[in-house]
Amino acid sequence: MEFNGMADTGTGLRAHRTFIIITALAFAAAGAVWFGFPHQKSIPNIWVLLAKLVPFVLAVEAIAAMRFSLAVRHKIARVAVPLCFLVYFAYFVPQIFFAAANEKSFYYLVLTLTPFLILALTLSHRLGGGTPGGARRLGYAMIVLQLSGLEDLAFLTLNPHTDPAWTPIPEVWTWADHMTVRLGHPATKYEAFALIIVHVVVAVLILTLPDRVWRKLVGRGKAAPVSGESSQASGSAKADAASGTDSHGADSHGADSAGTDESPAVTSKG
2 MEFNGMADTG TGLRAHRTFI IITALAFAAA GAVWFGFPHQ KSIPNIWVLL
52 AKLVPFVLAV EAIAAMRFSL AVRHKIARVA VPLCFLVYFA YFVPQIFFAA
102 ANEKSFYYLV LTLTPFLILA LTLSHRLGGG TPGGARRLGY AMIVLQLSGL
152 EDLAFLTLNP HTDPAWTPIP EVWTWADHMT VRLGHPATKY EAFALIIVHV
202 VVAVLILTLP DRVWRKLVGR GKAAPVSGES SQASGSAKAD AASGTDSHGA
252 DSHGADSAGT DESPAVTSKG
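Residues in the sequence shown are numbered from 2 upward in steps of one, following this note's numbering.
Just so you know, these hints were derived from the structure itself, not from any lab. One or more hints might be untrue.
Estimated spans, in silico, between C-beta atoms of each pair [stated by the list, open to error]: (1) W176 / L210: 46 to 54 Å; (2) L184 / T163: 39 to 47 Å; (3) I97 / A195: 17 to 25 Å; (4) V214 / L159: 30 to 38 Å; (5) L184 / F156: 16 to 24 Å.
Lysine to any residue pairs mimicking SDA-like chemistry, simulated, CA-CA at most 20 Å apart [as the list claims (entries may be wrong)]: (6) K42 / S125; (7) K42 / T181; (8) K42 / L148; (9) K53 / V182; (10) K190 / W176; (11) K53 / E172; (12) K42 / K105; (13) K217 / V203; (14) K53 / G185; (15) K76 / A121; (16) K42 / Y109; (17) K53 / E152; (18) K190 / S125; (19) K42 / K76; (20) K190 / K217; (21) K76 / S125; (22) K53 / A33; (23) K53 / H126; (24) K53 / K76; (25) K53 / T115; (26) K53 / A121; (27) K105 / A91; (28) K42 / L184; (29) K42 / V203; (30) K42 / L54; (31) K53 / Q41.
Glycine included, each C-beta is placed from N, C-alpha and C at the ideal position.
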């Protein structure tokens, strides 16, 4: 994944074309997955799993590619965040209730809802003043946690099972397709535990490793400032001097000053 440190500058379509293109691709990919694949729990092979992750990756990159000013992002948030809630509350919740009442499976709905909630949280972070790198860290760390098997383990340990199929913890996790397609066989109990631990560690590393570590891993030097960044910083400093605040002061909304970003350009595979 790339932790990009470009400043949120520029106006007009040209300045936002990357965001527009990736957003269009994300919606197209989501439509292809929703209408092109059967709505079922089973994952036949690793390629289907990867194909279903494409819309998510594109959506995270689109969120990170936003180059709106902080003031504009705050205005967008007043529409986008309630809209995300309505998609959850007025689309997913009624369908889940209907499926449960009619004794139908709502597993696929939950599988779809979870990445949607991850994206909604990541979008909220970005619109609230979060950086591109911060958005990438959050989005990719949370999807790694979803794929970890933590939910499967929680299902087995948190619920008061009496069915011998679920207690004690099964020796082979035949239902965990997301593990099966990656291992090439149904995971044993200890293979599942190992996968969960590895995924949790990876998620923590994504969230905590400094940018210099990612740069070193991929052999990239310190990112050069983008065009206009220096002049923006100079302008911000002058504005701060005029208003009596330093470069680390808060704006009128209490957020960090617009146009700053803690994440230089770094690439790593997650």
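Hint-by-hint comparison with the structure:
1. W176 / L210: 46 to 54 Å: 33 Å, violated
2. L184 / T163: 39 to 47 Å: 29 Å, violated
3. I97 / A195: 17 to 25 Å: 32 Å, violated
4. V214 / L159: 30 to 38 Å: Taking Cβ atoms as reference, V214 and L159 lie about 35 Å apart, which means the hint holds.
5. L184 / F156: 16 to 24 Å: Given a distance of about 19 Å, which is inside 16 to 24 Å, the answer is holds.
6. K42 / S125: Roughly 29 Å between the alpha carbons, so the hint for K42 and S125 is violated.
7. K42 / T181: Since the Cα atoms of K42 and T181 sit roughly 13 Å apart, the hinted pair holds (cutoff 20 Å).
8. K42 / L148: 14 Å, holds
9. K53 / V182: 13 Å, holds
10. K190 / W176: With a Cα-Cα distance of about 12 Å, the restraint between K190 and W176 holds, given a limit of 20 Å.
11. K53 / E172: Distance of about 28 Å is beyond 20 Å: violated.
12. K42 / K105: 13 Å, holds
13. K217 / V203: Between K217 and V203 the Cα gap is close to 17 Å, so the pair holds against 20 Å.
14. K53 / G185: 18 Å, holds
15. K76 / A121: Roughly 16 Å separates the two Cα atoms, so the pair holds.
16. K42 / Y109: This hinted pair holds, its Cα atoms lying about 6 Å apart.
17. K53 / E152: Roughly 19 Å separates the two Cα atoms, so the pair holds.
18. K190 / S125: Roughly 37 Å separates the two Cα atoms, so the pair is violated.
19. K42 / K76: It is violated: about 38 Å lies between the C-alpha atoms, which goes past 20 Å.
20. K190 / K217: 36 Å, violated
21. K76 / S125: With Cα atoms ~12 Å apart, K76 and S125 stay inside 20 Å; holds.
22. K53 / A33: Given that 20 Å is the threshold and the Cα spacing comes to 9 Å, the pair holds.
23. K53 / H126: 24 Å, violated
24. K53 / K76: With Cα atoms ~31 Å apart, K53 and K76 exceed 20 Å; violated.
25. K53 / T115: Within the cut-off at roughly 13 Å; holds.
26. K53 / A121: Holds. K53 to A121 sits at ~18 Å (cutoff 20 Å).
27. K105 / A91: Holds: K105 and A91 sit about 19 Å apart, inside 20 Å.
28. K42 / L184: This hinted pair holds, its Cα atoms lying about 18 Å apart.
29. K42 / V203: 25 Å, violated
30. K42 / L54: Holds. K42 to L54 sits at ~15 Å (cutoff 20 Å).
31. K53 / Q41: Since the Cα atoms of K53 and Q41 sit roughly 12 Å apart, the hinted pair holds (cutoff 20 Å).
Comparing the model with each numbered hint stated earlier shows that hints 1, 2, 3, 6, 11, 18, 19, 20, 23, 24, 29 do not hold.
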